[in-house]
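Student: The chain contents come next:
There are 4 protein chains.
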Amino acid sequence: MGFLPRTDLALEERESRGSADLEGVRFLERDISGYRVSEVIIENEIGSQALCKPAGRYITIELDRLIRREDSAFEDGARALASLLSDLLPENGPVLIAGLGNPAITPDAVGHIAAKNALVTLHLIDAPGGVFSDLRSVACVEPGVLGTTGIESVEVVRAVAEKIRPAAVIAVDALASRRAERLCRTVQITDTGIVPGSGVGNARKELSANTLGVPVIAVGVPTVVDAATLAASLAEDCGARLDEDRLRSAGGGLIVTPRDIDSKVADISKLVGYGIDLALQPSLSVSDLDMLI
Amino acid sequence: MGFLPRTDLALEERESRGSADLEGVRFLERDISGYRVSEVIIENEIGSQALCKPAGRYITIELDRLIRREDSAFEDGARALASLLSDLLPENGPVLIAGLGNPAITPDAVGHIAAKNALVTLHLIDAPGGVFSDLRSVACVEPGVLGTTGIESVEVVRAVAEKIRPAAVIAVDALASRRAERLCRTVQITDTGIVPGSGVGNARKELSANTLGVPVIAVGVPTVVDAATLAASLAEDCGARLDEDRLRSAGGGLIVTPRDIDSKVADISKLVGYGIDLALQPSLSVSDLDMLI
Amino acid sequence: MGFLPRTDLALEERESRGSADLEGVRFLERDISGYRVSEVIIENEIGSQALCKPAGRYITIELDRLIRREDSAFEDGARALASLLSDLLPENGPVLIAGLGNPAITPDAVGHIAAKNALVTLHLIDAPGGVFSDLRSVACVEPGVLGTTGIESVEVVRAVAEKIRPAAVIAVDALASRRAERLCRTVQITDTGIVPGSGVGNARKELSANTLGVPVIAVGVPTVVDAATLAASLAEDCGARLDEDRLRSAGGGLIVTPRDIDSKVADISKLVGYGIDLALQPSLSVSDLDMLI
Amino acid sequence: MGFLPRTDLALEERESRGSADLEGVRFLERDISGYRVSEVIIENEIGSQALCKPAGRYITIELDRLIRREDSAFEDGARALASLLSDLLPENGPVLIAGLGNPAITPDAVGHIAAKNALVTLHLIDAPGGVFSDLRSVACVEPGVLGTTGIESVEVVRAVAEKIRPAAVIAVDALASRRAERLCRTVQITDTGIVPGSGVGNARKELSANTLGVPVIAVGVPTVVDAATLAASLAEDCGARLDEDRLRSAGGGLIVTPRDIDSKVADISKLVGYGIDLALQPSLSVSDLDMLI
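Protein chains in written order, with the working numbering: chain A, 161 to 453; chain B, 161 to 453; chain C, 161 to 453; chain D, 161 to 453.
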């Protein structure tokens, strides 16, 4: 088998298998407010093995209008994201948002910036006067990363979830993509949770319904391409085929990002935060959130 | 009773009672590497009521040499802090550092900056080759604040502590002082833990041996004076006595800080982080930490 | 004479002289979109000596609706500011925006954050296709502060102004107020330029029409109260009168700010930036700016 | 001619011409405190055309010990850099440091962070008591970038230089490299100044002795590899040769950086700042600078 560079997007795993139908995998496309939405549904174990991902729904929205900074692109994008999330969330009950990743590394700050834009209400629900009693109860945790806490981030999320017993967890994180043109302009939403290490039986790190007992919706934004992946992909576009292992060792530890990664990550992560807020509090508008956050 | 402005320092509570001996309270002074160290020991319930603080040891170190940026002041200060902490810590067993406060508010970022300077080892102890097996096991958590997480910070610390079962917790936070000259140049260490809300039976928020079952060492740095407190204190120095309630309402929500609070908080919080590291890993030096952190 | 604490606001200088009319000083009040606008006009040398400020117009807008985060408060505030600025600016010709102050000190970062929100066009005017040829030519400079550059900030602005020969300069800076309730919710606009050191003949530091030969509009936001000033002001509210010199020495170097100064400075400084943009490019809207900046 | 990917390092231009001697180019190597130092000397127009760079000295120091965080690596590196700079600087007279680049884009923040670590003295030299009269006079300017100021950065530097009339200018900036292993671990020092746009007659942007009348020493740190450059270079290592134009269009706007670019840029830029300080103030030590900056 040829070189299969790394991606966290089910859409890209499917693309790399060619255009033919795959057993156990369904694929749908639609449009919401001018944004293209694709959905890869892995229906069973056969599909799961074909795409190396757990069975479940993987929905991808491509926010090209946001990148072109079109009028009302932010509001439309946040609303589109909210409607996709609403489909996957239970109708009622408290929700825990987990902002994953390392805020000190720009392309890994998606979870942190989304968390800063989350409307947190758990502590307000019982406030006197009942002014907040119509809001859904939402809490947020930023577990940090292993290198700076000494603890697996999923351990921290699980510990907090056991305290506040949410009806669902929404986990936000940065992803790796295979194609540079998707960086900071795509969001993947899945109901399979987060399984770092490709889900190869590493239950210790798994953040999913299996280990938590409640649905775990993962929201991810691709912000980097592995440098070896990019080289292979550019080479392939040029008709060459490169040796995988030599590439890996030559490009190790390097990442490819857009030049203006700082502002691009800030923009799309805020949109993710607002999209989650609108999904959880359907009575609010973007300008309400501008005032409350 | 006259105006008793707010302070988190036991030393200042004692000062405000005059120079006479208080029943149930002992007071010691000494010098470490040119830094003045005071200790208020609240021995029993009588002392506790006199100073409105739980019984225990409250040690204050005044880092004047750091402010004057004297040669080797940082290293001496970190070592002095380490020796004071070592006295209060159990000799063995894993330690959980909790960086409290809100990093988005400069004077409240002490816990966050100290946490960034913590040497975290829990995930390395079992690394192959055993190169880290001589280090004490240390983890770190930053729970965030209620307003941005919806969860009491002590709840998050407790949840994590229940997972990793440390032998002790070190909680770092910003404090309020009554005297401006102590801001960003004083550290208080206590074995009584952290009891927001003055310990008046608010066990939900208490982070202490009572609720955790292991020693909780609190390390605090005063970074703000309440504006009403400062006005009262300046007025008193000028021989006037102001009406407490009118002051409170006039100065509500305002804080007094040094003009260069950003760099002062960064400097002393790094020193606190290094002091904790040296207490937990006595085989390391400041220049080792410079390389490892 | 009693204690006259420091302020940069002409409005407060006038308030401290009581409600009687002052020779050489006129005072007007009006309302724009629900925001209160006051104007102190110092007409001649007599008025100038009475208020210790150069002759000219000092317009103050109080942005209470912004603080209460009312709907459309940001857009209304930016538009109100734009209309006040338009009155003082020449109708045509390039404009140089100078973002003064020290971005590393939160309450002094007003000029920096406003500059980040300035729509800069000078380099685009001659772009091929002429798509930007309808925009007014705008450049921006951040001169830094003496302590970190070694050069007076006004020297840097003057050097740049001599290169690009603007028709007017807009200088944005943080101010000191005497009353805490004005912090981060008031903007003062004046056509007298900036005269650090109270204009006492220190022409080296003066940034004004005198030294530049073009109008200098200063836009200032009060973000701090001097601690001694606050103590005196709170004491006066309580009926006491404090000794000025003792206060000064006791409170030296301390400042009073709102607790959430970081977010408040960010909010009002962005509004100032947008207000300037709308004044200079009347064909644009706030949502245009959201897309362009 | 094959693919010649972009680099700002004279060393890499020479490498790409093979190991043979080039007319008009000399090459020297030595070692300072364990750091490898290479020097490419372009002696005349023939050498200049061969390497596409102006005639002059290009000195490269590889700071591998810093990356490995060896003991005293920072101090040794700063001293080595200082000795290299001292060779190129005039012995006396004021110096202007120019921190170039865009601090809002992490890999472009080298100039800004170096400037923050510059010891600025111009405003202190005439202080009463003469305590600073032994120090060399140093000023610093950060001109910003065209996109956020509307003005060429070299225009701002030139305007300030005309005011303070330095004996030399030191310009610090980020560079592009061709080889990933040099990122954030190499410093290039040259006496040819900075000529963005490859010096192809764009005198408007040139910051050099030609336009300023005083020596301009440029200090640069490679922090990015162009993505197309990296792909070509990895492909070449794997024995393939890619089509230049297709690569350029596929990888446009993307950059390759180390994953931990934020901390790596901070570390090496501080070292550059300290190296400049030690070159300009030979009576000071690194721990003096720790106290003064």
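Just so you know, not all the hints are guaranteed correct.
Cβ-to-Cβ under 10 angstroms is the rule here; a few derived chain D residues that face chain B [unchecked claim]:
{"id": "1", "residue": "Arg229"}
{"id": "2", "residue": "Ser232"}
{"id": "3", "residue": "Thr371"}
Simulated from the structure, these hints should not be mistaken for lab results. Backbone N, C-alpha and C define an ideal beta-carbon position, used for all residues, glycine too.
Student: Hints numbered earlier in the text: which of these fail when held up against the supplied structure?
Tutor: 3
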